[in-house]
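Asker: So the chains spell out like this:
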Amino acid sequence: MNRIGIATVVTGLLGSLLLLFLAAPIVQLVGSSGADGLQRLGSDLALRDALLLTAATATAATLLGVLSGTPIAYLLARREFPGRAVISALLDLPLLIPHPVAGMALLLLLGRDSAVGSAALDLGLRIVGTPLGIVAAMLFVSAPLFVSGAREAFVRVDARYEGVARTLGDPPWRAFRRVTLPLAGRGLVASAVVMWARAVSEFGAVVILTYNPKTVSVLSYDRFTGFGLSEALPVAAALVLLALVPLVLLRALRAGEPRT
Amino acid sequence: MITLESARASKGRFTLDGISLHLASGQYGVVIGPAGSGKTTLLELIAGLVPLRGGRLLLEGVEAQHRPVEARQVGLVYQHAYLFPHLSVRENIAYAGAAADLQQELIARFALSPLLGRAVESLSGGERQLVALVRTLARRPRMLLLDEPFSALDPGRRTRVRREVRALHREWGLSTLQVTHDFTEAGLLGDVAMLLDAGRLLQSGPPTELFRRPANAFVAEFLGAENVFAGTAKALGDGTFEFVTGGLTLHAVGEFANGPAHAVLRAEEITLARDQGHDSARNRFSGRIVDIEPHGAVARVTVDVRGVAIVAALTARSAQDLALAPGLAVVLSFKAMAVHLC
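Line by line, the protein sequences give chains Z and A. Each residue of the first sequence is one higher than the one before, counting from 1043 in my numbering. Each residue of the second sequence is one higher than the one before, counting from 111 in my numbering.
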């Protein structure tokens, strides 16, 4: 066997081991408890409510992330400006800190004793301990994933397409809408899907900001500590199945990605 | 009308600097220069896609520095076309919302009908360039910037498209600036030629002027002058010069200062004979043929004259009639006016 052959075999073997390590627990979890989890959706009201709450808050967080993250992702992809590196580092920061720490930091910022929290209370908005807290926690930990993906999506679209659109009479915003957005569209949707999936599975920050009402991840932890593994498994399996939906969507999107 | 006065612009680490040029209304300018000399950046500067960092830019006589790209009435066609891949060929052409009859006219003139129903991804490089050209023309710009727009077309189609563009340029009174690597194209199309290198404009003027009277040795060599010699010029007082290079002394005319210089001599200015003749040429040298390089109907003959290689061009038929062959002794002659000092 030549050297290339040996290298291929070693690479394949190592890759297979990693894949097995990553996939086996999830496949086992869904295989053993997935059907049970789906069945319980009919009878387990707490699980059903948690699923709906998780999907709704993750969707709200994703919408906020897309609305606020798209302009900054575009700027980072297209423009050179002072402080660009600092902004990039700040956007990556939530990905680097432990999520319970993120939860504590948010609690400091949004708690009732903080300036923001008390101002929100004055407006009749309670954040901590409500779905708003869940949205805030999800947004904090998952928005950086969207911004990073969206920035890449914009970078992949050659700026000269926009330039040509401008010379053909489009003001900047119209060139963005007619050319950049359609060309980066799949990448943006894919980034939003990744953000949504990350938001759905968030536990550490959510549990500190809002223990009740419970998201699926908090509910599975609650069942595990209160009733043991057997009660927690169907809930965990339902969470994995929920997270699989965007994963399948993502693969379908990437399969048809146009070349720019 | 396009005017740049000491213009400066940067794109990444590249800088265009001290660019001054003037293209009158309805003129056809060609920009030539080595790869990376700033030709595309120059067009993008005029279009407004690269900001002006210094100097002035006037379009149709009006300061344009702060005018938005879309308001400049400048059309830009890139070498790589940049057709919008999410739109069909027809949608690309209609992008600027031009009148249907103008679109139809252009589609007919450039014979694009067979492409209309096709996806952009299925087009060849040349077809893409044509669609991009028509897409830009459909907006009916007043100034047209072309970045090697015919480079991917086959020779036959290139000639037809070049003719059509030149005709539209005349009919519409377009001020056109075209980047090209093709010196023949530059000579055929351009009223004005500009040579860029490393972000600076080295010379501009009528194409024949650039070819015949290059500003320096770099321009001469870039424009394909076969004989560029380094040496020393010395005025003889009657408007003529002696130029010494290696073992040769050439005679030249013109206005020049004494001292180090370059002499440029185009191969087609040289007459080659088997024996000494009698004519008015001030420069006459005996030498021996080193190499004969056929180029279609033309042959380039390299002759060693006292250790200096001089290239002469003559028709392949003449070379055949003279029975030229390597090692043969020949006589080269050329007029003093054919020697350009720079």
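Don't read these hints as lab results, they were simulated from the structure. Some hints here could point you the wrong way.
To be verified - Cut-off 16 Å, straight-line C-alpha distance, at most; resulting in silico cross-link-like pairs (EDC-like, lysine to aspartate or glutamate):
1) A:Lys121 x Z:Asp1200
2) A:Lys445 x A:Glu403
3) A:Lys445 x A:Asp401
4) A:Lys344 x A:Glu378
5) A:Lys121 x Z:Asp1164
6) A:Lys445 x A:Asp389
What the hints assert, rightly or not - Sample of chain A residues lacking proximity to chain Z, with all beta carbon distances greater than 12 Å (derived):
7) Pro178
8) Ile217
9) Leu333
Built from N, CA and C at the ideal position, the CB exists for glycine as well.
Asker: Would you mind marking each hint as holding or not holding in the structure?
Answerer: Structure-based check of each hint:
1. Of the pairs offered as hints, the one joining lysine 121 of chain A and aspartate 1200 of chain Z holds, with about 15 Å between alpha carbons and a cut-off of 16 Å not exceeded.
2. For the given pair, lysine 445 of chain A sits about 24 Å from glutamate 403 of chain A by alpha-carbon distance, which is inconsistent with the 16 Å threshold.
3. This hinted pair does not check out: lysine 445 of chain A and aspartate 401 of chain A have alpha carbons roughly 23 Å apart, beyond 16 Å.
4. For the suggested pair lysine 344 of chain A and glutamate 378 of chain A, the alpha carbons sit about 25 Å apart, so the restraint of at most 16 Å is broken.
5. At roughly 51 Å between alpha-carbon atoms, lysine 121 of chain A and aspartate 1164 of chain Z are farther apart than 16 Å, so this suggested pair is violated.
6. Note on lysine 445 of chain A and aspartate 389 of chain A: the hinted pairing holds, with a Cα-Cα distance of about 10 Å set against a maximum of 16 Å.
7. Interface exclusion of proline 178 of chain A from chain Z breaks down, the closest Cβ pair being 7 Å apart, not more than 12 Å.
8. Even its closest Cβ contact with chain Z, about 17 Å, leaves isoleucine 217 of chain A beyond 12 Å, as expected for a residue assigned away from the interface.
9. For leucine 333 of chain A, the shortest C-beta to C-beta distance to chain Z comes to about 29 Å, beyond the 12 Å cut-off, and the non-interface label holds.
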